[in-house]
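*Asks:* In case you want the letters, here they are:
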Amino acid sequence: MGATRKKISLFDILNVTGFILFSIIVLYPFWQTIVLSFSDANASSSLGVHLWPDRWIMDAYEFVFSYGNIMRAYVNTIIRTVAGTILIVTFTVLAAYPLSKKELPYRNFFTIFFLIAMFFSGGMIPDYLLIKNLGLLDNSLSLILPSAVNVFFIIIMRNYFMTIDKGIEESAIIDGANYFQILTKIIIPISKPVIATVALWAAVYHWNEWFHALVYIQDDAKTVLQIVVRDMLTAMDLSSNQAASVGGGGMSSSELLLSNVRAATVIISIGPIVLIYPFVQKYFIKGIMIGSLKG
Amino acid sequence: MQTVVQKAETKTKPKRKANTKWIEMKKMKTLYIMLAIPMVMLFIFHYIPMYGILIAFKNFSPGLGIWDSPWNNFEHFKRLFDDFLFLRALQNTVVISLLKLIIVFPAPIIFAILLNEVKNERFKKVSQSISYLPHFMSWVILSAMVIEVFSPQRGIINFFITLVGGDPINFMSDKASFIPILILTDMWKEVGWGAIIYLASIASIDPQLYEAAEMDGAGRFHKMIHVTLPSIMPMVIILFILRLGSVLNAGFDQILNLYNPLVYEVADIIDTYVYRSGLEQFQFDYATAVGLFKNVVGIILILSANAIIRRKSEHGIW
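Chains as they are written, first to last, in full-length UniProt numbering: chain V, 1 to 295; chain R, 1 to 318.
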């Protein structure tokens, strides 16, 4: 391509500068949150570009880790993510494998049964009434059951299964294997990339999901981290300009703002995603590529 | 597999065809059992709520239940178009959505074309990885960051405003600045992610096209405009039509986490209105009617979008 000529033009300089600026703009809010989480009220009450805390203090984190509700929400989030991901992956495989068999009688009917769910849904209120009628309000199952069947993931995985060479399966059948054995012994081991992709997507979904938790869970003991952060957002809204101080009684000498505590909560909340991000991002990309192929 | 089916067929040759199918189905009963589990789940959590839509046509009382609540002769739908708050939400939805379409939609295309011009592969990779980091965060988390960036106490934007002699503005409760904030932050979250698909389709452009263009004396900009852009145009058109199909989704997660009563006038959209009237004021039946209105229009738009794409490109999206 054009790269054969190694001449660097004014355009190249502007372009690269543009991308550096863009990256800074994308990252600044993240960095600001880190700085805020290591600052106290004094350092956080003046306008300015806060690129470095006046001094690094851990008070906000101490508060977060000693405040029972936040830690419980953290544990709840982890449990929810693990259980929800296992559930989604299991159901995706269970649906995708039969649907990938062209010779399955009435396959079209079943495919349509799943596809319809992609277009039509009851909506917010009927969903809520169902959970209520099932007695699942304030039950952690309401966070993982409604999302357990994801039609989009099923289509992605089905498409992947359909590309697998039929010959391997046929010889297994001749050897007397049943479909369940074929699935667990042959299909799943050679489908690791697509399973990893779906699992990662499911994990990020559950880690980030907050709306079901907002609507279905009122009990603080069962809530998730996202809701803790959201409650701090709305608390901030109410007190508008006055920074609400939460550090108060029993904490160390320096005052904390709600903002400091919220920033610390945000950091522990996004921490796991940011840490695994560099290693797994290629799977996410792979996912979007497989997903954009025609089914 | 094929052999099993053939064996079954030869065995039952004299019998009717339906019988063959039955034998085939019996052979595959494990597959049906597998399929049944997710189907039951989908039925409970997806199809039963569709039945719940009935309350949009009823005066719903939780004591009576969905079926026994009395029908009300489309009263909720008649009320819709006299409801100032609904009409405002409808208008805001369309305005916000179209502004996002005009401003946010082209951004990943420009991003992808310009990033493609960067020669250093490492720099390219790092820029790209940074660009889609926010995509993996929820709007709850991002809102916590956005509020600090625009904060009148310590936000960087207000710092620059005071630097040039202005007074700090409380952006988040300012009607004039709220929609621009929605658009900017939406771009921040999605630009890099949206560019992935364009970058992939740029990567698959035949290098000979560029060589031919060079031979004709095309410079860099010429190649961008006359080779790169036309090559990704089919993708652009498909994504644009799809985006048009979801014009009633103006960004529920984003708005519910960023807005507050001071900016409802410009920021309240249909989804947030359904949420408040249904789950905060418990007008279950009316809120369901509002949601149903949105869903029906939305489905018509999406199906038309897919029909147009199907006609244009011979394959739809599924």
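Since the hints were made in silico from the structure, they are not lab data. Only a predicted model underlies this, so the values are computations on that prediction, with no experimental measurement involved. C-beta atoms are modelled at their ideal positions from N, C-alpha and C, and glycine is treated no differently. One should not assume that every hint holds.
[To be verified] Calculated cross-link-like contacts (lysine-lysine; reagent style DSSO-like; alpha-carbon spacing at most 27 angstroms):
#, chain 1, residue 1, chain 2, residue 2
1, R, 124, V, 286
2, V, 101, R, 119
3, V, 282, R, 124
4, R, 124, V, 102
5, V, 101, V, 7
6, V, 166, R, 26
7, R, 27, V, 101
8, R, 29, V, 101
9, V, 102, R, 29
10, R, 29, V, 286
11, V, 192, R, 223
12, R, 124, V, 166
13, V, 185, R, 27
14, V, 185, R, 29
15, V, 132, V, 192
16, V, 7, R, 26
17, V, 102, R, 119
18, V, 132, V, 166
19, R, 27, V, 7
20, V, 7, V, 132
21, R, 29, V, 166
22, V, 185, R, 223
23, R, 26, V, 102
24, R, 21, V, 101
25, V, 166, R, 78
26, V, 185, V, 132
27, R, 21, V, 7
28, V, 282, R, 119
29, R, 21, V, 282
30, R, 29, V, 7
31, R, 125, V, 286
32, V, 192, R, 21
33, V, 222, V, 192
[Stated by the list, open to error] Short derived list, chain R residues pointing at chain V, Cβ under 8 angstroms:
#, residue
34, 115
35, 190
36, 292
37, 307
38, 310
*Asks:* State for each hint whether it applies.
*Replies:* Here's how the hints hold up against the structure:
1. R:124 <-> V:286: Given that 27 angstroms is the threshold and the Cα spacing comes to 18 angstroms, the pair holds.
2. V:101 <-> R:119: Violated - the C-alpha atoms of residue 119 of chain R and residue 101 of chain V are around 45 angstroms apart, more than 27 angstroms.
3. V:282 <-> R:124: Answer holds: residue 282 of chain V to residue 124 of chain R is near 15 angstroms, not above 27 angstroms.
4. R:124 <-> V:102: violated (42 angstroms)
5. V:101 <-> V:7: violated (55 angstroms)
6. V:166 <-> R:26: Measuring from Cα to Cα gives roughly 20 angstroms; hence the hint holds.
7. R:27 <-> V:101: holds (13 angstroms)
8. R:29 <-> V:101: holds (13 angstroms)
9. V:102 <-> R:29: Cα-Cα ~15 angstroms, so holds.
10. R:29 <-> V:286: Given pair residue 29 of chain R, residue 286 of chain V is violated - Cα atoms ~33 angstroms apart, limit 27 angstroms.
11. V:192 <-> R:223: violated (40 angstroms)
12. R:124 <-> V:166: Violated, because 40 angstroms separates the two Cα atoms, which is more than 27 angstroms.
13. V:185 <-> R:27: holds (19 angstroms)
14. V:185 <-> R:29: It holds: about 18 angstroms lies between the C-alpha atoms, which stays within 27 angstroms.
15. V:132 <-> V:192: violated (37 angstroms)
16. V:7 <-> R:26: Between residue 7 of chain V and residue 26 of chain R the Cα gap is close to 69 angstroms, so the pair fails against 27 angstroms, i.e. violated.
17. V:102 <-> R:119: Violated, at about 46 angstroms.
18. V:132 <-> V:166: violated (45 angstroms)
19. R:27 <-> V:7: Answer violated: residue 27 of chain R to residue 7 of chain V is near 67 angstroms, above 27 angstroms.
20. V:7 <-> V:132: violated (67 angstroms)
21. R:29 <-> V:166: holds (19 angstroms)
22. V:185 <-> R:223: violated (51 angstroms)
23. R:26 <-> V:102: Status holds; Cα separation ~16 angstroms.
24. R:21 <-> V:101: holds (15 angstroms)
25. V:166 <-> R:78: Status violated; Cα separation ~57 angstroms.
26. V:185 <-> V:132: violated (40 angstroms)
27. R:21 <-> V:7: violated (69 angstroms)
28. V:282 <-> R:119: Satisfied, since the Cα-Cα distance of roughly 21 angstroms is no more than 27 angstroms.
29. R:21 <-> V:282: Given that 27 angstroms is the threshold and the Cα spacing comes to 43 angstroms, the pair is violated.
30. R:29 <-> V:7: With a Cα-Cα distance of about 66 angstroms, the restraint between residue 29 of chain R and residue 7 of chain V is violated, given a limit of 27 angstroms.
31. R:125 <-> V:286: With a Cα-Cα distance of about 15 angstroms, the restraint between residue 125 of chain R and residue 286 of chain V holds, given a limit of 27 angstroms.
32. V:192 <-> R:21: Violated: residue 192 of chain V and residue 21 of chain R sit about 33 angstroms apart, past 27 angstroms.
33. V:222 <-> V:192: violated (33 angstroms)
34. 115: holds (7 angstroms)
35. 190: violated (11 angstroms)
36. 292: holds (7 angstroms)
37. 307: Since chain V brings no Cβ nearer than about 13 angstroms to residue 307 of chain R, farther than 8 angstroms, the hint is violated.
38. 310: violated (11 angstroms)
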